[in-house]
Amino acid sequence: MPVNEGMAELSDLLFRTSIGVYAVGMLGFGAEFAFSRLGRVAGSASAVDEAEAVDAADETAAKQAVLVGAAPAGGGEVGTTGPSGGVPGRTDGRTSPAGDGSPRKGAGSAGADGVTPRASVWIGRLAVVLTIVGWATHVGSVVTRAIAADRVPWGNMYEFSSMICLIAVTTFLVLITRQPLRWLGVFVMVPVVLSMGFAGTVLYVAAGPLVPALDSYWLKIHVAGAIISSGVFLVSAVTTVLFLLKDRWESRLAEVASGRAEASRAMRSRGGIVMRLPSSATLDTITYRIIAFAFPIWTFAIIAGAIWAEAAWGRYWGWDPKETWSFITWVIYAAYLHARATAGWRGRRAAAVSLLAFSALFIDYYLVNLVINGLHSYAGI
Amino acid sequence: MTTRHTAPSGHVDGLMPDDPTVLEDPEAFDPPAPRRAADRTAPTERTERESTQGLTSTTTGASTASTGGTTAAARTSPSGAGSAETAGPGAGGAGDSGAEAGGAAADGSSAADGISAASRGGSPRALSSDTTRPARVGGRAGALALIARSWRQLTSMRTALVLLFMLAVAAVPGSLLPQRNVNPMKVEEYLADHGSLASWLDRFSFFDVFGAPWFAAIYLLLFISLIGCLWSRVRWHARALFTAPPKAPSRPGRLPGGSTWTSPFEADEAVLRARGVLRGRRFRVAVAPADARRPDGTPDHSAAAEKGYLRETGNLVFHLALVALLAGMGFGSWFGYQGTVLVITGNGFANTLISYDQYNGGELVDPVDLPPFSVMLDRFEATYQDNGQPADFRADVRYAEDRDAPTRTDTVRVNHPLAIGNAKIYLIGHGYAPHFVLRDPAGEIVWESYVPCTPRDGMFTSTCTVKIPDTGLPPLGELRVPQQLAFSGVFTPTTVLDPGHGYVSVFPAARAPGLTLTGFVGNLHLNEGIPQNVYTVDTRDMTQFTMTGPAGADRIAQVVAPNNPQQRTLTGLPGGLSLEVDGVREFATFQTKSDPFKGLVLVASVVIIAGLIASLRVRRRRVWVRATPLDGGGSTVEIGGLSRSDAQGFAAELTALTRRIRDDTAPEDVTPGAENPSTGAPSTASTPTGSTATPGAATPTTTSSSTSSTTSATSEREP
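Just so you know, the sequences run in chain order A and B.
Each residue of the first sequence is one higher than the last, beginning at 42 in our numbering.
Each residue of the second sequence is one higher than the last, beginning at 189 in our numbering.
One chain only, chain A, in its complex shape:
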């Protein structure tokens, strides 16, 4: 089968371009997120109120309640803290040292004085535009790759990774058209940029035809299902981490509010960004919905894989490492759905289950393909 070299090169170029554009978009999201946080609050009852105000009207309240005097230059640096993902805002303690000493009570209402962080909003919008541009080049990369190799663009691990990231970005872009979730941007783009970088360097293989075992129309069906669900699960893992952060923050706020604990320094400094997140209940619901959306697709992917395995290997289920880990992933996500409804398992524990399930998915994807040898070792590297 001939490979269209020109298209293959174009695909690689577009791929690298989209990583770059995504990365800039990620910085933009990070900047907006860091700038438009709420003012800091010391532990007081007003903090609770304020947290609820954020829940009720997240976008507006948060925009209004920005900390006055955040240095615009800080944004880029917040972006660079990205890879840590879970703990955003390493720089914000620095942006206003005065804030630590003099906590503003009820900064939420004080923020209503009309100081809107126009710059950061524009940066956020720009980031969305950049993400869309990156998405378009990404789509172009995938399409040209498909043309180059004259087959579906998911025949090896480089291409899977690219597709999964494309799905994750698509999920994010679809989500922001429905709900004010632009704050999610930085948290989605960081893993996307990282795994695309990994795909482009370590996992990269040149465009080429398929190995015989993959040469089946089931490739389109089974792998498409796996890619879509993996991409969506990736987003759910991000929201789960955010849920845990926010939940911890809220419970500590509650402790402070009830006088059981002192307001820590972290609450005064880092809290600003955590508070920028929606309420833990909202994050929990978002996570649940995303998983409830992806779980049937994952089930479908497994079943389609079983049908394919029946045609290719003579058995629909054979406990190949990939099958085993897909099963483990499925079982843990099923456990998540059950845990959400079980006494004593809701909230934080269910979130832990969600993360556990995602780690199983991660093992299923990276370790099984690269380390454990099995029938699915199609990484091609």
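Since the hints were derived computationally from the structure, they do not count as laboratory data.
Note that beta-carbon positions come from the ideal geometry of N, C-alpha and C, so glycine has one too.
Take the hints with a grain of salt, since some may be wrong.
Here are the computed distance ranges between Cβ atoms for each label pair [what the hints assert, rightly or not]:
| hint | chain 1 | residue 1 | chain 2 | residue 2 | range |
| --- | --- | --- | --- | --- | --- |
| 1 | A | Leu408 | B | Leu385 | 50 to 58 Å |
| 2 | B | Ala380 | A | Asn45 | 43 to 51 Å |
| 3 | B | Thr599 | A | Ala177 | 49 to 57 Å |
| 4 | B | Arg728 | A | Glu50 | 44 to 52 Å |
| 5 | B | His623 | A | Asn45 | 36 to 44 Å |
| 6 | A | Glu50 | B | Pro401 | 53 to 61 Å |
| 7 | A | Glu50 | B | Lys374 | 37 to 45 Å |
| 8 | A | Asn45 | B | Arg728 | 52 to 60 Å |
| 9 | B | Pro719 | A | Asn45 | 36 to 44 Å |
| 10 | B | Ala607 | A | Glu50 | 52 to 60 Å |
| 11 | B | Thr431 | A | Arg166 | 50 to 58 Å |
Based on these hints, arrange chain B on the given structure of chain A.
Okay, now just chain B, sitting in the frame of chain A:
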């Protein structure tokens, strides 16, 4: 009134609860322990009472109470029903009898009553339908109770969760350790390499995890738990499907998202019109019969509507299909068989037990009765891309479906098995088999054979083991130890001499085949009846010898090139024997598989997906309409509803429904009692008064008989 059966206790917390987002309190899924009757009034009701009584309570307390009230409203739906909850701390904190007064127990059947009881005037009243603690009796009854309790434990959601985790964890070693059913050879290697640890692992079936008793125990327990849970849930849901939706509460307008307005129509007419709208939206509607009376004796004009039964149906179907799937897999393993056979080009195999290298038959399959087909491999062709990635494998075969059946030809490829009757024959592997010829000093052939080599990597570097028991050499010594020969070697299809690694293969096709060999002489222990791995040499009683060949004279290791007649003979073997490797053929590995229950498994899988989508996407919701006659003609119409999931979506739906019903029951300009101009066109989704969010619920709802709209929070729980 219609009695709504509550869920069988202990099974409410079955797998896949109806709606995870609803359940606010931890007790919701516990087996219902007898408890004090709960405050089950709707939040607005409570707010009103609190405000009228000038109730002072702490912020925390009130907010908890408000949450409790919300949850109580949820209990009108069956999934939450059946377990009483404790009175909210707010009620306790309030301390006066007023808080207790609201305490009205409501299981599934009496939720509406609970609300009406409270709204009728708040006479202190504590209904207790769940409070009777079963008398404890000893002896057999105690044992029975223990069994019942264990059964309840087993079928509880928590147990199911733990079992799910155990299943996930138990599957892990199956992917990390080699498995007998996947690759028995690797298991042997692992056992040989890891000594006693491995043998201990073997003792606990760690090399056959998915057939291990402990693995079976976990999934069987899980499925027993599932079946026990399904058993009651199916009956319960079937009952729900054939009974009317639960009756309207006394003031549906007070439910979150509910509305109230005045209609010029008489109460029964208004209800009928509402029913029409609801029917039009494919709700199941039950209108209270004409002679129905409310608890206080007034005529009952109300309609109860419900939609989204598909959610629970899908949920149950999904779990039933899981059981069917497991059954199909189990039957398949009892009634199916599979055999694996390695066939060198030019040879064939028959579908008999002895011709398979590996055979796994179900317990209920008699190997004698296998269909007598036979297959010959005429040609095997593997093509590769330039980088060595395989492009295609084709095995041209001749086969006969029966002993006397005509011979046909076909090509077996990956993804394209050959179907013969109920069985399918798959191409699952391939490799190289060099041809070895052992000659005595006179040049007579002593032994010859094709010996398949085990591929080790993508370039088909393969390891070969040749065992020659009958060499013609005389036995040695008094013990008459046989002089048998063995060779172990590495076959490289496209051989290149790499300075660092010796001879390696750079391409999987046999372009320049090479074979590196070392030889042993001695006792192979082949004649002792102990099964041996044909792919390893037991060199305990063997000694390595030197050979003369292409690599030089008297070398331990020699390299031969089967395609080059000058470089493929080794001499100087013990007893003056010589070995020639005069050719290479490809072999193919076929697997015959028959599973008569595959169809069931496939159907179950499709049903699983359908059920899953239904149970995760459909939302179940109830809408109630109640009309109360006004003195001067006309009526007050109230509407309210609850959804057990997806509050946002339901809020919009309820708003639309309300608008339609309003339009039908209170046409504009005919509204005689619209004394509230500000809410002339009330929208239910207008002002969030914060039934759950704002502590203390400091906004008392107006209770005038005119149009009033409560909150936008339509579900029992804010998402």
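Those earlier numbered hints the structure runs against, lowest number first: 1, 3, 4, 9, 10
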